[in-house]
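Line by line, the protein sequences give chains A and B.
This note's numbering numbers the first residue of the first sequence as 1 and each following residue consecutively.
This note's numbering numbers the first residue of the second sequence as 1 and each following residue consecutively.
Please keep in mind that the hints were generated in silico from the structure rather than gathered at the bench.
Remember, it's a predicted structure, so these values are computed and weren't measured experimentally.
Hints should not be assumed to be uniformly reliable.
Given that identical chains are not distinguished, each listed pair holds provided it fits within a single copy or across any two copies.
[To be verified] Quick list of in silico lysine to any residue cross-link-like pairs, SDA-like style, CA-CA up to 25 Å:
#: 1; residue 1: 74; residue 2: 43
#: 2; residue 1: 14; residue 2: 70
#: 3; residue 1: 74; residue 2: 215
#: 4; residue 1: 14; residue 2: 176
#: 5; residue 1: 74; residue 2: 131
#: 6; residue 1: 14; residue 2: 179
#: 7; residue 1: 14; residue 2: 100
There are 2 protein chains.
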Amino acid sequence: MTATPPRHQVERSKARAHYERDTIHAILDAGRLAHVGFCVGDQPYVIPMLYARDGDTLLLHGSIASRLMRELGKGIEACVSVAHLDGLVLARSHFNHAVNYRSVVAFGRAIAIEDPQQKAAALVRFIEAMLPGRAAEARSSNARELAATSVLRMEIVDASAKQRSGGAHDSGDDLCLPHWAGVVPLRTRAGHPVAEPDLPAGSACPDSVRRLLAREGHHP
Amino acid sequence: MTATPPRHQVERSKARAHYERDTIHAILDAGRLAHVGFCVGDQPYVIPMLYARDGDTLLLHGSIASRLMRELGKGIEACVSVAHLDGLVLARSHFNHAVNYRSVVAFGRAIAIEDPQQKAAALVRFIEAMLPGRAAEARSSNARELAATSVLRMEIVDASAKQRSGGAHDSGDDLCLPHWAGVVPLRTRAGHPVAEPDLPAGSACPDSVRRLLAREGHHP
């Protein structure tokens with residue numbers, strides 16, 4: 001008898017698999033865009049969505065008119081995947097080319113948050129997940145806006161992380177080939193902010209943006 | 001009677017939806033990492049995978065020992081999503097915060113490529129999709145490596161693209177608020193390459209990497 005492995009068990013490259021909460025949270029917190037999957041019959045859908053982590057739950061949001069939000073909010077099984085591509089690993093052989101990455105695959109069921117205060121708090125978390133410190137720099141949502149927004153909360157029931165870092169793993173026979181091998185790191189970077197043309201003249205770039213740029217070595 | 005919309009019809013923000021092949025191909029060609037979804041019963045799975053586009057098909061690859069590749073290669077319905085996050089759109093209100101992005105959601109069924117020559121050609125496309133010009137700089141796959149690799153080809157049966165660009169859309173009432181609004185562009189950039197320590201001294205950085213860095217304004 002072969003037991004079916006749990007849905008979040010990594011089957012390949014097990015040395016790259018992690019199940020610790022801290023690792024999973026760190027990878028989730030480093031991202032803004034998730035790919036959210038669900039099934040309608042045997043038809044899978046994978047939709048890119050912004051997300052925010054709140055403890056062991058993921059928050060998703062969209063318009064109340066969204067088919068996606070209605071479908072997901074029914075409490076069907078969902079799978080949320082977040083991945084960061086960290087580098088191109090160039091080996092001496094095609095076969096050993098790889099990428100460095102960090103990824104999380106999380107499973108659970110989403111339910112709609114109905115309470116307006118919880119909804120408002122969730123929307124603040126979205127702004128903060130997008131850009132820390134930004135929520136205090138803009139107008140909070142009013143009752144009409146809250147009513148137009150659907151917020152889903154998915155408790156992470158099962159999750160796994162997978163990551164690769166480091167250099168190329170060429171086999172011994174290939175080491176004498178005259179081919180370059182190494183890693184080209186990749187990173188998502190913020191560029192210089194583009195202010196709206198209808199801002200009053202001399203409007204200062206806000207602290208949230210300054211901090212983001214300072215972390216990346218820009219000086220706006 | 002309400003007709004069920006086709007699976008790839010964008011239901012929300014229809015002004016952002018595109019169905020033209022050129023738009024879809026351009027967004028796919030700008031990426032390396034896809035999120036591949038499929039259903040096993042009512043359980044969705046979304047797995048990050050490298051991909052390459054070949055005409056109107058997407059190529060996916062993995063180990064022949066991979067549960068994912070076996071499952072997908074049965075020809076079940078798959079959904080492949082590729083998204084690029086291009087900027088943070090900071091509005092005067094929380095509600096109008098947004099992101100700039102380009103995304104494609106593609107539907108089809110994957111089948112395994114068995115022919116060794118087709119498989120080898122597909123693997124070359126993967127290397128080229130990762131880094132143009134790289135395939136000629138490394139050793140091609142041998143028969144043993146080809147046998148260990150599973151390559152799937154998914155014809156794109158239905159697909160849609162969705163994208164947002166430009167600035168914040170604040171409502172008139174909010175324009176007088178004392179909050180900054182604008183866009184922080186985001187871009188994935190390559191950093192300086194890290195050569196393997198076991199390369200012969202003085203090994204030159206290959207042309208593929210030089211071209212990538214030159215496009216980004218580096219001078220290695």
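Evaluated hints:
Proximity of residue 74 and residue 43 under a CA criterion of 25 Å is satisfied in both settings, with 16 Å inside one chain copy and 14 Å between copies. In this assembly of identical chains, residue 14 and residue 70 lie within 25 Å of each other by CA distance solely across copies; the values are 17 Å between and 36 Å within a copy. Proximity of residue 74 to residue 215 under the C-alpha cut-off of 25 Å is found in neither arrangement, the shortest distances being 40 Å within a copy and 46 Å between copies. Proximity of residue 14 and residue 176 under a CA criterion of 25 Å is satisfied in neither setting, with 29 Å inside one chain copy and 55 Å between copies.
With identical chains, the CA atoms of residue 74 and residue 131 are never at most 25 Å apart, being 30 Å at best within one copy and 42 Å at best between copies. When the C-alpha separation of residue 14 and residue 179 is checked against a cutoff of 25 Å, the pair qualifies neither within a copy, at 29 Å, nor between copies, at 48 Å. Proximity of residue 14 and residue 100 under a CA criterion of 25 Å is satisfied intra-copy only: 15 Å inside one chain copy versus 36 Å between copies.
Of the numbered hints listed earlier, those contradicted by the structure are 3, 4, 5 and 6.
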